[in-house]
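Quick note, the sequences are listed as chains C and Z, same order.
Start counting the first sequence at 1; every next residue gets the next number (the numbering used here).
Start counting the second sequence at 165; every next residue gets the next number (the numbering used here).
What the hints contain is simulated information worked out from the structure, not anything from laboratory work.
One or more hints might be untrue.
[To be verified] Example chain Z residues on the side facing chain C (calculated, C-beta under 8 angstroms, incomplete):
| id | residue |
| --- | --- |
| 1 | 240 |
| 2 | 245 |
| 3 | 247 |
| 4 | 249 |
| 5 | 253 |
| 6 | 267 |
| 7 | 270 |
| 8 | 275 |
| 9 | 366 |
Just so it is clear, CB atoms sit at the ideal spot from N, CA and C, and this is done for glycine as well.
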Amino acid sequence: MKILTKAPIKSLLAATGLLLSLSLASVAQAREVTITTELNAYRGDGAYLAIYLTDAAGTYTRTLWVAGGKSKYYKHLLDWARGSGLKAAEYDGMTGASVTSGKSLTITVDINDALIDAGYLVRVDSAVEDLRENRGDAEIALTSQGAGTPVAGRVYVKTLSYSL
Amino acid sequence: MLRRLHSLPGLVAALLLVVLATSGAVLSLNPALERAVATVPARGEVNVAELAASVVQQYPGAEQIERLPSGAVLVYFSVDGNPGADLVDPLTGTALSAWEPSAYFTWMKDLHRAFLLDDVGRAAAGIGAVLMTLMCVSGAFLLASRAGGWRKLLAPIRGSGSQRLHTELARAAVLGLLISALSGAWMSAVRFEWVTEAEELEAEFPAEVAGTAPAPVGSLQALQGVDLRDLHQLILPFPDDPQDVYSLRTHQGSGYVDQATGQWLAYADYGAPAQWQTFIMELHTGEAYWWLGLILGVAALTVPVLAVTGVIIWWQRRRSMPRLVGNTPAPTADTLLLVGSETNTTWGFAKILHDGLTEEGCRVHVAPLNQWTGRYPKAQRLLILTATYGDGDAPASAAQFLHKFGSTQQPGSQPKPAALPWAVLGFGDRQFDHFCAYADQVAGALQARGWPQLMATDYVDRQSGQTFERWAAALGAAISVPLNLHYTPLRPATRTLMLIDREDFGAEVNAPTSILRFRSGTPHRSLPSFVAGDLVGIFPPAGVADSAVAIDSTHSGTSHVPRFYSLASASRDGVLEICVRRQEHGVCSRFLCDLKIGETADGFIQKNPRFQPARGKSPVILIGAGTGIGPLVGFIRSNRTHRPMHLYWGGRLAESDFLYKDTLHACLADHRLARLNVAFSRGPKPAYVQDSLRVDSAQLRELIAHDAQILVCGGRRMATDVATVMDALLAPMNLSVAALKQAGRYLEDTY
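Please construct the entire structure, taking both the sequences and the accompanying hints into account.
Next comes the structure, spelled out in structure tokens:
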């Protein structure tokens, strides 16, 4: 299983490395990370999701993505809201539509190389209208080894995974 | 204009509104259903700290506690990483049942607010709410104008089937519908950001917490200070995170509580605008007051009925007016032709006049008298054709004219129309005392304003085409337009009625009278729909006309004028029953009374909603003489609810013309009739029905004090005599026949 999944990522890495070395040497310390959040089938409207980075102690570091059209509902993504202070500057340009039951959301973000294998976590808060709100519906450590290995979420999130 | 403002959006949005209202009515059950199974402690009984303590004891993995608007308490928890949700008893924290949103209500909610179509559907629902608001407001104005003013809004409503059902239901439901429609429109406007939403003010996120060992939740002071009734949501801290806090939302505001010290770390009220907005939303969903939600739901249930009856009324109104090709719009018309018609026969004359004038180059606007607006900038003349109803009253399509005309003539009223030269032509039947009385009233009102009269008011007796043609010629001369009209009557669509049964009375007392029962004379075709008190118009066949009784010299023998008889049965009885007195010179009554079983007559139904007992349980006093008993017996026979009905009837001789004797006694026996009082003018104790009324004065006053309604049917002279007796009887109560008539409690059907 591991071998099967590693092979394509290695080749992807190789390709990315080639590209970077060819043209983008100056951003070599940032890494493109693809994060996939797959939702369970649940009964309800589209889920609001906050995908964000915390340090080893669980302290909010930065926002990666917020799914959900109405910013007035963002306060229900409680831990993320507390960490980001709900400041628009924290999530500007990083928002999109809510994610409906059973669908998955894939985002690609640039993450500083230094944050990988340094105890940082990708965390997801979730909320659905008239249903429960979940702090840390899913979280996954950001490590070179963990890439490609999905972890299970708790409530709406079925799996959370990333590839480097 | 107002009517169009009501019917156009109604026609366009009928289906949309039916779906919105029906789904809304279903959804309104939800808060009440949730409430019914919830334990709801009184204010002061349980605080949030106590609740949280008992919940945590039962659910070590509790994450979130919510109090639903219904009062039910919901706990979200995790066990071994699996999420769950239970409704719990707020006193003990023990589970009542597992909770899951109902698939049915979730679907219904999506149907209600978005027609299952997301944003496009939401926009449609919003438009629906706006149209509904428009319908409510325009409908309320129509209702007031129909009732004759806002203060008379609660007066009994007259009208036939659909019309009555529509107005009565709408009057009962309009406030509820308006609340739902306005709040719905508001919510939609907020959703689409047409109005700026008031943001809930939020507490600042706490920068620092005590971080020491957490205290038991039951001991936290801040939570002890919040009553369960105010709770919206409490999010518990993760057990192993000393930096975490309690997040609390109440109905008034939100804040954070330190898990070690139990003190507020931050708190803020949402602010009045946000709370007001939430209230509007909860008003709409019924979450604010579950009982109001149910009331709004019941009001919404009227919408499907209103939509169907509304479309029927619109269709009937369209059909009742003859199709006028080239009717000029009011603002550009030079000739106004206004029509007052009860049975639509006058419309036939109006159409011919319209066509004749239009052919000669006049720009004619034809409308019912009720549509008088006073805004006719190009008008040069006003022509009024009107029938009269009953005792000199306005016919249906003219009921509001004098009121409207009067109010456009008030000093300072806008607009005040310029004086127009006018002419009035009355339609009626000379056999009635108040022949064309309403036409005279209209002419009087115009004279009183000093408007110039083109020509003397003329009267058309029993649809005489000749009189009409003569009047039109005189009108043509007066306005210098050559008018040479020829009137061909519109004959309503008739059904063949076959006599199946007859009973004959009164031959001995020189008052031959027959009770005639008909079935449909066409195989496989049922009788048209009617109720007791409606009329059947009968056309006697051409050959029957007696040359001595010329109906109309120009069309002698074609008998295009129907005679009307009150119906003593309803169509659901399966027979059409009338009671006819044979008049020596009456073309139609002789024809009917001479009919043999199996022979047929041509007839059509004329609705007569003005002569119907009002709905309800209040007593009904029925007064009649001779064949006037027909509709009264019909009312008694269909009195299935056994409301107290008292019949006073007068005949000639008990042995000869006691009509419906057996039927009345049967109705007495099964209480459809409370009391029967008959008087006979010949016999041992001669008396008239008026005498019976006088004798029973005290009882009648008692009944009238209990909201009794009085229906009188019979000859005109008898009705006048009865009214005199009733006036004397009512005087000690500071009442009069006129006052009761005004209140819709004294109805007459006379001939």
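Agreement of hint residue 270 of chain Z with chain C interface, Cβ distance less than 8 angstroms
holds (6 angstroms)
Going by Cβ atoms only, is residue 267 of chain Z closer than 8 angstroms to chain C?
At 6 angstroms from the nearest chain C Cβ, residue 267 of chain Z passes the 8 angstroms test, so the hint holds.
Given a cut of 8 angstroms on the nearest C-beta pair, is the interface hint for residue 275 of chain Z held or broken against chain C?
violated (14 angstroms)
Restraint satisfaction for residue 253 of chain Z [CB to CB of chain C, less than 8 angstroms]
violated (20 angstroms)
Hinted contact residue 249 of chain Z with chain C - closest CB pair below 8 angstroms:
holds (7 angstroms)
Tell me if the interface restraint on residue 240 of chain Z is satisfied: Cβ within less than 8 angstroms of some Cβ in chain C.
holds (4 angstroms)
Hint check: 8 angstroms Cβ-Cβ cutoff, residue 245 of chain Z to chain C
Check passed: Cβ of residue 245 of chain Z comes within 6 angstroms of chain C, closer than 8 angstroms.
Interface hint check: residue 366 of chain Z, Cβ to nearest Cβ on chain C, cutoff 8 angstroms. Holds or violated?
This interface hint holds because 6 angstroms falls under the 8 angstroms limit.
Just to be careful: measuring from the Cβ of residue 247 of chain Z to every Cβ in chain C, is the smallest value less than 8 angstroms?
Holds: closest Cβ of chain C sits about 5 angstroms from residue 247 of chain Z, inside 8 angstroms.
Comparing the model with each earlier hint shows violations of hints 5 and 8; every other hint is respected.
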